[in-house]
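Participant: Numbering of the sequence shown is given in the working numbering, commencing with residue 1 and proceeding in unit increments.
Since the hints were derived computationally from the structure, they do not count as laboratory data. For clarity, every value in this text was computed on a predicted model and none was experimentally measured. Where hints are given, some of them may not hold.
[Said to hold, decoys possible] DEER-style ranges, computed between Cβ atoms: (1) A274 to P67: 49 to 55 Å; (2) S210 to G241: 17 to 23 Å; (3) S102 to V41: 20 to 26 Å; (4) L204 to L246: 43 to 49 Å; (5) V23 to L216: 42 to 48 Å; (6) L204 to S101: 22 to 28 Å; (7) S68 to V220: 25 to 31 Å; (8) L246 to S32: 43 to 49 Å; (9) V23 to A261: 17 to 23 Å; (10) T192 to S32: 21 to 27 Å; (11) S35 to A111: 19 to 25 Å; (12) S60 to S190: 43 to 49 Å.
Here a beta-carbon is modelled for each residue, glycine too, at the ideal position from N, C-alpha and C.
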Amino acid sequence: MALTTKPHRLDARTQRPPFTAVVHSELIKVVSLPSSVLALVGIVAVGIGGSLFLGLTLESSGVPSVPSIERTMADVTVPTVVLGQIIAGIFGVMTIGAEYSSGAMQTTLVAVPHRIRMLAAKTLVTFTTVTAVALAAVFGAWAVTNPIYDGFGLGAPLTAPDVMLALVGSAVYLGLCAVFGLGVTALVRSTTAGSIIVFAATLLLPVLSSVLPFGLLSRVIRLGLLGNAGDAMGRVGIEGGPFLDLWSGHMSVGAGWLIAAVWAATALVVGAVALRTRDA
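All chains, full assembly: derive it from the sequences and hints.
Facilitator: Here it is, written out as structure tokens:
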């Protein structure tokens with residue numbers, strides 16, 4: 001009598017969860033962490049609130065005699081970029097740092113043994129969440145302030161050249177800052193250390209670089225900083241300007257996108273290597 005066997009069924013514990021399930025799990029972690037939700041609310045608050053403050057104080061601070069879309073858009077995007085970059089970076093830090101500080105990382109790696117797969121899911125959730133919230137912040141800032149600027153003949157309609165790109169660029173920059181924070185914290189495994197690195201890279205280093213002795217080295221440093229790249233991404237570009245000019249210190253919008261992406265990608269790769277080669 002011939003013996004028949006049923007096809008071997010893998011134990012559920014040995015099956016690799018689908019990537020969509022891992023992403024869904026990471027999204028649940030984000031929305032269930034009060035500090036992360038507060039950070040997202042903070043991005044919207046500082047983006048809209050800061051731009052509204054600049055708009056309401058325009059008359060008292062001095063209305064420009066010559067209309068300039070570049071200046072108007074700077075008032076719209078600067079609060080989101082300058083203040084939001086720190087919040088976004090710390091959001092990325094908390095995305096993985098909270099699991100290290102609480103010891104939950106070991107549980108996460110048991111559920112998702114493939115560490116790079118887990119990091120990829122965290123990266124996707126972090127970038128898309130922060131970018132989406134930042135888009136709401138910058139477009140909200142434009143919506144509430146543009147009527148004010150229109151009253152002074154300084155309006156910046158969305159159909160004007162590079163206005164839409166400046167708004168989108170500001171939001172994407174915050175998403176890249178969050179990824180940068182995620183990457184460096186995967187390396188240092190400390191929420192405090194990760195937050196300090198984010199603060200230094202986005203805000204402190206651009207300030208310190210401005211006091212460096214003028215020379216070739218200081219010019220190279222200024223053009224390569226993450227914070228300066230974010231400033232370029234949220235700015236209306238100068239038509240016909242160079243992509244990157246070392247001598248004048250000019251950074252185009254496209255150069256800002258490239259430099260910010262390199263910072264985020266480098267941090268993520270270094271963090272991924274550390275995550276894969278070290279014990280949890």
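Participant: Does each hint hold? Answer for all of them.
Facilitator: Results for each hint:
no.: 1; hint: A274 to P67: 49 to 55 Å; verdict: holds (50 Å)
no.: 2; hint: S210 to G241: 17 to 23 Å; verdict: holds (21 Å)
no.: 3; hint: S102 to V41: 20 to 26 Å; verdict: holds (22 Å)
no.: 4; hint: L204 to L246: 43 to 49 Å; verdict: violated (23 Å)
no.: 5; hint: V23 to L216: 42 to 48 Å; verdict: holds (45 Å)
no.: 6; hint: L204 to S101: 22 to 28 Å; verdict: holds (23 Å)
no.: 7; hint: S68 to V220: 25 to 31 Å; verdict: holds (30 Å)
no.: 8; hint: L246 to S32: 43 to 49 Å; verdict: holds (47 Å)
no.: 9; hint: V23 to A261: 17 to 23 Å; verdict: holds (21 Å)
no.: 10; hint: T192 to S32: 21 to 27 Å; verdict: holds (22 Å)
no.: 11; hint: S35 to A111: 19 to 25 Å; verdict: holds (22 Å)
no.: 12; hint: S60 to S190: 43 to 49 Å; verdict: holds (44 Å)
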